[in-house]
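Colleague: Protein chains in written order, with this note's numbering: chain G, 1 to 202; chain A, 203 to 792.
Think of the hints as simulated: they come from the structure by calculation, not from any bench.
Using N, Cα and C, we set each Cβ at its ideal position, and we do this for glycine too.
Not the full set, but computed from the structure, chain G residues with beta-carbon under 10 Å of chain A:
1) 97
2) 117
3) 122
4) 132
5) 139
6) 171
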Amino acid sequence: MLEPHQLALHTLTLRQLASAEQAAHINGLPEADVATALDRAVADGHAITARGSYMITPAGRSHLDGLYVDAFAAIRSDDEIGAAMESFEEGVNKQVLALTTEWQTVDVDGVPTPNDHSDSDRDAKILDRLGRVLEKTRKVLAPLATADPLLDRFADRLDAALTRAEGGETDHVSGVRVDSVHTVWFQMHEHVLRLTGRERPE
Amino acid sequence: MSTTTTRVAPRWTVVPDDPAVEPSKELVGGKAWSLWRMRSLGLPVPPAFVVTTEACRAYFAEGGLPAGLEGELVAGIRLLERELDRTFGGTERPLLVSVRSGAAVSMPGMMDTILDLGMNPDVEAALAAEAGDATFAAEVHRRFCGFYGRQVLGCTEELEDLPDTDAVRRAIADDVTEEIPADPWEQLRAAVGAVFASSRSRRAVAYRKHWGIRDDLGTAVTVQAMVFGNLDDSSGTGVLFTRSPVDGTREPYGEYLPRGQGEDVVSGRITPRPLTDLAERLPAVHDELLTAARRLDDEGRDAQDIEFTVQHGSLYLLQSRPAKRTARAAVRIARALVREGTLTPAEAVRRVNAEQAVSLLRPEIDGDAAAAATLLAAGAAASPGVATGVVVGTAEEAQRHPGSVLARHTTSPEDVQGMIAASAVITEVGGTTSHAAVVGRALDVPCVVGCGAGVVASLAGRTVTVDATSGRIYDGEIAVTAADECADDDLVELTAWADEFSPVRVLAADGEAACRLGPVFDGDTVDPEALGDGVPTIPPGATAVRGAVFQSADGARAALDAGVGTIVATRRLPVLLAAIAHHDAHGRTA
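So here's chain A without its partners, still in its complex pose (with noise of 0.2 Å):
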């Protein structure tokens, strides 16, 4: 009634929660708009108000918060206080908010996320003794005290993993001369203004200038209610994936942590349950999971990964993704998302890469032959695959011998080029996260790591396999398995998919139709130790090439940019796919 109360639209804020009125992505950002999405679709996502990028602008004409957005923080949190029954900094059922930086367009360099905002000494013993759990509550206030410092305060020091709220205040309090305020409204006022400050900060000028980027879109802020999945026996926490991660098989599957909390899914504090636990528990809340679950799965036109929190009986959807997902799953969710109607066979392509389609084809050691072999060494598997090959010692003995077994005690630059010729890499010392590792998977180059001290030594010389999806190095050759991709149902159909939809023909070595090609320039007769690790240069006027580097997709992509019609690969689909990523990415004029 107008009669109590004058409400005036707010200037500086918007709550995205009416599903007939769909707010600009420009003026909210992307998610918020996400948000709003899901609110529209009928999904329970915690309540959220966003300050918008009017309010960024504002701020930097102003030098400061604009005038009337303090009363309107007051305002959205009031909304969210209504909406949970909870209290900004109360000592009762206290609400805490999350503050989310959000550009229109993906901005990197800008402040990402503080949680749990809102906390103090006296809010930790409120949420204490609501929760029972005291250890929780410092652990809330530990994490806030971390994010706060490093976004807000701009401590540079490593906050994440000290033990306590009086150790991350010492760590700040030793770094930058400010403190955490105890006030909940001035912490969410300094975290606003930090995003705001952010979105000008080195790296996202850097960003902007590179890319071509206006400088003046500025970021919206997103402030969300916080929601707890340990406050009684009818709250918890989980993630759910639509299709299975490992084979892409649709059919829910996932945990849930009754009484967790987000960290207890990686900490170990509390053993996961499977989703039928909540189904037993609490089955009309699991039905609800379910149902939204398939409505993503469809919105999205993907395989999802949903987190979600139970909250005294309440669904809370907290995040929906493109679930992560083994090659083979890759493979078979594309497939399905086509026969369901949802992609044509044009998107489904594209929703498998070459690296994957590569690990899938890749061979795999025989399990009876490596049991009757000799063990000769063993580390960590730093970069999966099978190789034979004569152990050499120096990177210039693996350029001069290409498919030899690179050893080294460690690797430096210097041996980049040997490890580009070398069929496998093995190392002394170091673990899966040294530079051997990481070149190592970056080549696709079977790589064992931390052999051992003597390892070069004693191998040199003698013809090994490596087994570095085990980690395993045997004496001699030993009999390895591969995927065929003309044997695969799933292959087989994302391969003529692929021949359509490719810039280039590429014809398997061993075919009828590679034979009866006219002149092929081949790769593989190049020098090694003159081509480093570029890829070689195409002579002008060939149409077609062969060889094993035009297999990786460097080399296609090469290939394609020479105007290359043909390539003769002996695995087709890796190739098809690389064509098919390089044309959508540079190839348009092409």
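Next up, chain G with everything else stripped away, as it sits in the complex (with noise of 0.2 Å):
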């Protein structure tokens, strides 16, 4: 597994631009550690700094590469993660985008048309809908959960960003500049892809 300074520079892959409390808020490190981690990344040109957020740069990037190598090798030879991994692609992932994407779009008589909320019940349906693949994918990824306590944690946010949503903040399933369900899947996504060693496939 990575060190905890090295985690820190990995949450820049996860959210580019992260101040130490966003990247503290990503990987359930102490926000205090996460600074002074980061704060270390630039002093190597791993990362770099402007107004109290941090951005990876190309070593960086490539400095992590090296370092998975070694603390994913258990994980990228588990034949059951392996396993886990392909039925999360090709199932809760799928899943869980054509959910976002039924979300966002109302098709009204083939016009497709931004959801305007105003149909409780069909929101509500798509909600659980969502909140039973979110179970689902606490089965699916338990293999890689064993291998890797942060996977929780996004289970977690994710049934958090659920709850908000449920009770009317509707950004809380796509939104961009809030830990939506959507937002939280995508990091949890390229941080799965990075510990297995995975192409993403779109």
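Quick one: dock chain against chain with the hints and give me the complex.
Modeller: Dropping the structure here:
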């Protein structure tokens, strides 16, 4: 696994331009430790910083690729995890993206139209299906969650986003500027791709 | 007569069919209350009874269905049987029911709906004989097994897409130990218990905890007769819009499928006919339907989307809800409802949202200019709009040169800042449900996906026009046409109302008033690299703002929260509507 300071740098691949607080929210490390680690990454040329936000550099990316080989060797050679990722990509990942798309767009007589959220039954049905897919995701990724505790944190953040959407905060399904289901899913997807060394299919 | 039977008032169930007796929503839930409302308006809905929230509380107190409920379930079913002349579990004219949860307030995470309950092999044979259609009866059985397996037995496998009943039963057996009982009464008792239990599911509990809702409200269970549209030539199913979903005109519009059943509408098994087909076949039913539609439009104070079924020549309304609509129809319907005296202008401006106004005012590519232009690439249209810019291949470049067209093989979270700064996004691989597509739509950035390998390299550095409505990328800059919010009657009136109810003044960027303003904070002058995915910090004391970011819904909300009094915008209506919505949701104290 990655050392905490390495995990701090890795977090910058899950969210570009993150403050130490924002990165800590993703990786679950104490904020002060994340700030120390990222300042050190800046000194090493692995990241740059401006106005309190950090961004990874190409040198930082190659550095991580080198670290992954050893850190994730066990994960990458585990057949059960390989099968779990196959199921993740083909199953729940496609379902979550299809459901977020359905959430955003309503077909009106063949015309794709932005969802105005006036039909609360339709919204509720999509959220219900999304909830089931999120529960299933915990099952599907269980082998990976055993190897990497960060998976549970992603799952909890997904549940929290869904709960807010269920309460009427409609931007918490696919909004970009909030910790929406899609924002967290996109980060988790990138994280597990990096863990397992797989190519992003689309 | 009391000499033959002693009628005891039911303790756990309610039959919501007396127009004079409004049931308590707390007791019967919102869905059953709506059924009562429809019945009390004289509208035909399939008969139903409700197991109350009190029975739910007793279920948890006693650790099972409370004493006496079993008998009341029988009495409730007998009522549905009498009204429709059918028999639950019968081998002739069988009765099937739907079982739904329903709380007084919306409560996510609960079991939703089980359709076609009361099904087993004998009932399937009876239904096949009655409809003269064995395929239909087998399909009803298969669907029932899917609903029951997932919602009552807790099977987590996807069961909807399996080919037949045997496949569904096998998938259930592989996942859970219990089986689907053949006895319809046992199915019904288990389904009622499963609805109750689901009100304490992990997600339902999490929802109530987060939103501070009491934990002991429980849920009611509505049991309603299923009706079928494929039993004979005087049966069918259809959908009716009280106003056109495309342009908003008040004219009934819809489809009818003679001898069709619910799922046929989507499956394409039967070709839908216009509503005039129903008028020709069953004129009395057609008249009754149109009368009901007018009633529902008036009562709902909005355009309705009504699902109906005709069974043996009797009309049943299955559902009525606010109709989906295009942005154009949303504006026209809101204005028409004010003219008809149904809505006040203050209500009308809350019927159209900022996103709809944006999409209505979105520029479109000029058809003649596009026909004459050179097509460079094409893919799937994922987020509509048109933009012209220089193509860049990395998110960093897009951030350094705002307004560029960002081209990527695929997108990762590291591309999000670049997508925010870009005027359009194109990808080489991926479909309309890829991450790039989802983010593009969320940002309202024009986006074309799946343009093919090599597009990033071949287009980098070129000026292109992305038409993300058709999914085409053209060489050079191409002319666009846009709706003018000052030239369209519907938009002019809606904007005038929005001005009246907006918590903030919104001035046209090219107008005189905007030129006379004192100091204005311009969001476009903030370095995009420093901005990230946030909204720029508005300097304390600033009373007016301008710039592209404040024309997005997020930006308008941030300006309002910062206490800004004036926003300068190129298109005013979307900003006004975003401000009103934000004020309604959060700003009452401001």
